[in-house]
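Residue numbers (the numbering used here), protein chains in the order written: chain A, 1 to 618; chain B, 1 to 366; chain C, 1 to 175; chain D, 1 to 184.
Do not take every clue at face value.
[Claimed, not checked] Below, in silico cross-link-like pairs of lysine-lysine (DSS-like), each with a Cα-Cα straight-line distance of 25 Å or less: (1) K290(B) <-> K78(C); (2) K290(B) <-> K11(A); (3) K19(A) <-> K174(B).
[As the list claims (entries may be wrong)] Listing some non-contacts, in silico: residues in chain D with all C-beta distances to chain A over 10 Å: (4) T42; (5) R48; (6) R58.
Calculated from the structure, these hints are not laboratory results.
Since the model is a prediction, treat every value here as computed from it, not as a measurement.
Where is the CB? At the ideal position from N, CA and C, for every residue including glycine.
The chain contents come next:
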Amino acid sequence: MPKTSFLNPFKAIKYLFEKPQTLKYPFETKEIADRYRGFHKNDWDKCTGCGNCADICPNKAITMVEIPELPNKPEEGKKNKRPQLDYGRCCFCGLCVDICPPGSLTLTKDFLHIHFDKKTFTFIPKDEKLNKETYKAEKEYSIFTASLSQRKEYYDGFSPDIRYALFKPDRIEMPEIEPDERKLSFIEQVIGYDKEQAKEEAGRCLECKLCEEACPAHLKISDYIDAIYRDDPKESLEIIYEDNPIPSICGRICMAHCEDACSLHIRGDSLAIRWLKRYAADQIKNFKEELELKPGKPTGKKVAIIGAGPSGLSLAYFLRLQGHDVVVYDELSGGGGIIRIGPPTYRLPLDAIDKDVQYIESLGVKFKFNTKVGRDIGFEKLLNDYNAVFMGIGNTISFSTRVKNSEKCTLALDFLKDNKIGKQRKVTKNIIIIGGGNVAMDVARESIRLQHIQFPEQQVITKIVSLEGWDQLPATKTEIEEAKEEGIRFNPSWGPKEVVLDDDGNIRGLLCKKVKSVFDEQGRFSPTFYENEEKFLEGTMIIEAIGQRADFSFLPEKLFKRLEFTDRKKIKVDANGMTSIPGVFAGGDIVNINMDAVTAIADAKVAAEGINKFLNYD
Amino acid sequence: MRELELFFGPQHLGMVGNFSITLKVEGDRILKADANPGFLHRGFEKLMENRTWMQNFPLVCRINVVEPDHMELIYSMAVEKLAGIEVPERGKFIRSIYCEMARVGSHLFGLWAYANMLGFDTVAHWAMYHRDLLLDLFEELTGARVYHIYLRPGGVRRDFPDGFTDRLVETLHKIGGKVPDYNATFFENSIFKKRAEGIGTVTREEAIRMGAVGHTIKATGMKYDIRKIEPYDAYDQVDFDIPVRTGGDAYSRLLTIRDDMIESVHMIFKLIDKMPKSGEVYTKTPNPFKWTIPEGEAYVRCESSRGELGLYIVSNGGEKPYRVHFNTPSYNHGLTVLEKALVGESVSDVGNIMISLYVVAPEIDR
Amino acid sequence: MEELKKKLLAYFTDLTIQIHDDYRMCINTQKETVVSLLNYLKNMGYEHFALLSCIDWIDKGEFELIYILSAYMEVCDKYQEKEQGIIIIKARISRDDAKVISVINVFENAEPYERELHEMFGIKFEGHPRLTPLMLEREYEIPPFRKDFDTLKYVDNTFGKIPSIEERKANYERT
Amino acid sequence: MDRNQISKWFKNPGKMANKYSFHVVYFCTGCGIIEIPPSITTRWDAERFGIIPVATPRQANLFLITGYVSTKTLKAIIRTYEQMPEPKYTVAFGSCPINGGMYYDSYNTITSLDKYIPVDGYIAGCMPRPEAIFIGVTHLWKLIDMDKADGYKRYRRDYKFYRANQEQLFKELGWPPLFKDASL
């Protein structure tokens, strides 16, 4: 025990002569720490309105309020909702900053707000760019007047940091077959998630539901992904089947508008929604035994559907669930329509299509394959025999470039169709593909496979010529990447001028001219060229993949004249999906401009309701 | 002399925290003390049942305002145990350093309260000033002065800022350099000794009988410390001692607190030396909106600045805890030990004994 | 721990004991046995009564009482395995007739815990000298920690129903 | 002190004296109390602003409601507030007295304080820093200058409504009304 004395305390007297420790606040202020968690700031340009901050807030201090003057673009993953803060609730924990997927919410070093009115404690955070009156420059800022409406600009404290975010920004890598291996055969490129990978990927979903609004068919995405996370693929598939009857197909070739809208993709990779759908569909081996869907009570109404593509299949399914008798006519030998002939086997095997079609068939939908309307059965007969007719015929005729000697070229759809459901085409060692869309990519990648199969171990060349430049290419980024990986060469911003033939009349190459611009000022397609800048590409086979159009030859002329079209050469339909001919409905590629499977499903949903109304009205 | 009933607190200068004791006194001798807690009762354990695993983490620290950090630690430990999450090595060291900083800060606050209570204003001012220096460091590290919300299940929320350890060492040297002055003016002050010695004595048998932990039991000579008994985080990788005294009275308890503080400062230096220079500071936990923890129960304990802190947590496999129950050190001290220790003492020593037992009211009420 | 388990099983008949690898021993027993079991364990050196808790298993209509014991040090400056041990004793009682014998006579510091559980769950501890409210002052129809007590509804009905001064004034002036 | 201040001192010495010497009730109502010791000690030194804690409400004119208010504490707060001599000012601290804060769904904490006693100012934050306390005090000075810090006047004027609210919460308050016309 140390010595104690009552004189000891007087040692403290020495502090009388030291510098005082007191901070002379407010004349002398203390630097606020860089990570200080003060009031919120929100970058409205970055904010997507996803509402994750409101969901994670332990105190329900954040509510999402609609800002009418902001654009509402759910298809781009941007809602016009912004967080509103209640500082009568907020505990400044910063969980909202750590969960914010775009990283727009920041906590600043501002902390002064003193007021006698409680209502001033609720406010909508903005940032300096939007709100110049609130954010003062350092000179104008004074701590005596500082409040929520008098803040210092660029005074960030606790900021979002992707390394410490509460969500996982990186996607689980999809196992794929390597480019060198896959270009040798038509084996399916994507292997598919296994259970653990699917669960982990599904676990990344933040349930903000931006994707559901972006999806044309409005699938309940977060619900079915949650079911996968809970390791219940059956429930997941049941949820998918509420809105989408072709999950095996969509799980492979959907354009995945949802993934573009996913809030995770701003600072990381978007959730692999499509692959998860595919996982759910693949896990269930036999849809008929596992799913407990039943057709509705028979209504006695009959509907004919022309074309067994995505819109036709979906409509058949939706109407069958209502209890109508549905007959689907298609000229091909199986279901799927354009999907059956278009996407190559390495992307969409026939088994996957048949799995979906067979399930729809098992519900009682009658399919009449190999039956072409107009050839085997008249359209007028359908109109007489059935209560309603739906046209989901799709675009089945390829355009030609119509340059000199272009009749020697091969058309894309014929090429794809023969390869997929017919006899493999003979190819040459040097192929030129004209076009920059997804069909062109399919054609190119299919060609390189055929070349490798038909000329094993030999030097082969496949090149793409497209009007559009690199950043304008209409094909998806992954497609372009994968095509590059497989060794396809690109020649963007070149337009075909002439197909050059040799003396025997065989193709020798393609003469190209440089593109000046592709679209005019209104954004319409009207390419212009530098006529004198030319390039010659060698090649012994040319495939044209520059677009498709619909074949309306089955329609009697009288009816065709009554059919109205829009400015963009699409069939005009009303809110019920009905064309200008009563009782004739339409959907799919001939109606919408997206021209993909999921939009076709959305059309089918509209038409199903319209047909239902139409039939009950009769 | 006539017996009378005296309400002591909650609004009373001699009361620390929002707490109340009903005293039965004769003259100024206390015959019977009846603790009356609940002024700060918020029903934490019920609130936590209504929040998800991640949302609970800003909430738990509010149980004890003097030292929120060990509350975060115990919750994180419990969740890690239930969910089977491992903390990375650097994360463990940061946690330990952070908890020891919190211990020093909490002891300084206790010192302030004790000195203020007995009228040693000089010491009280020093202690508060030094605690404020630590709070500056906390602010730099975590972004807030008091509620740090820094330890999260899986590790810590952010890494140390650049040069943080240097500033920490500098500040601790500054505080450590003042220890002789503290000794001279407070601990070795005969006036203080007169006020504290022989007051509120709790013998070892009594302490064991009443379930005392922390300084109350350390002041009776037992080195009962969870950091040694059941080492967590990085405590098994450093060498440290548990200071004990044998008196069992308020003075011994205060000296134990002082020694513990000094030991903590030394431990921080050792931890900084041993800490891995780089590496992950946290393990990624599942998506907070989907985080479910498998069915099970866990009882974890750690050594907070006031003694053994336990948490019993039950999960029914859902997104939220099914039941949580905090075993806080102040609960035993404030409701059992205090009632016994006050009997026979003078009314003027109520605050004195209460603080020496380190009773923190919000921790009792939860 | 294994030794203790053998001894306990020899002494008591209605126990199921699990030992987890982290020195946690979990004993399931009947509510009648609790007092004698605690007494026995106290004599075995598990003198620290760490926690008395209760879980409301509303689906099964039962309360589960949790008694947690640990040991103080036998030798003051030597750490042994025994201190690491934590014994969790569980006993179920019916939810409708929540009664159990108090353990105050064994562990003195169980007193506030039992008071709190009485208040928060409505469990009656027989033999407890003062089962007066500890934390709460207000009366609640359902003890608040029971699972069927909805806090948000309660808050809306109690605090939410109280008008602000302006509202009350306006109401008063209208009538 | 500028000339303006001096003329104010001559005009209304009582108000000025009142304003520059806040005696704070020493009552730890919630967790916000943790920032009071730093404010009143050396580092921040609240005495420069004329703030000093006093032991009893009878000597105090400023009541800092520091943080959440449980129902049990509210009773004590009302009693303490009623014991304070006029003029008296209340400043509520942090999120909780405004709209419930962290404990918005707790069965034992009230959600808004101004239903039970008048509040002259709110300070945002959880918890507010010592700086915020001082700036809060300067704001209170301004309010007193403008005669807007009239909480105690409102309490006197609307006492029956306050009392009615208090009685609705507590059923039985346990002490007689402070002013005479207490029943609605």
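Here is what the structure says about each hint:
Restraint check for K290(B) and K78(C): not satisfied, since their Cα atoms lie roughly 45 Å apart, outside the 25 Å limit. Taking the CA atoms of K290(B) and K11(A), the gap is about 61 Å. The hint is violated against a cut of 25 Å. For a cut-off of 25 Å, the pair hint linking K19(A) to K174(B) stands: about 15 Å separates their Cα positions. Against chain A, the non-interface label of T42(D) is violated: not every CB pair exceeds 10 Å, the least being about 5 Å.
The non-interface label for R48(D) is inconsistent with chain A: the shortest C-beta to C-beta separation is roughly 8 Å, within 10 Å. Once the 10 Å rule is applied to beta carbons, R58(D) is consistent with being away from chain A; the minimum gap is 26 Å.
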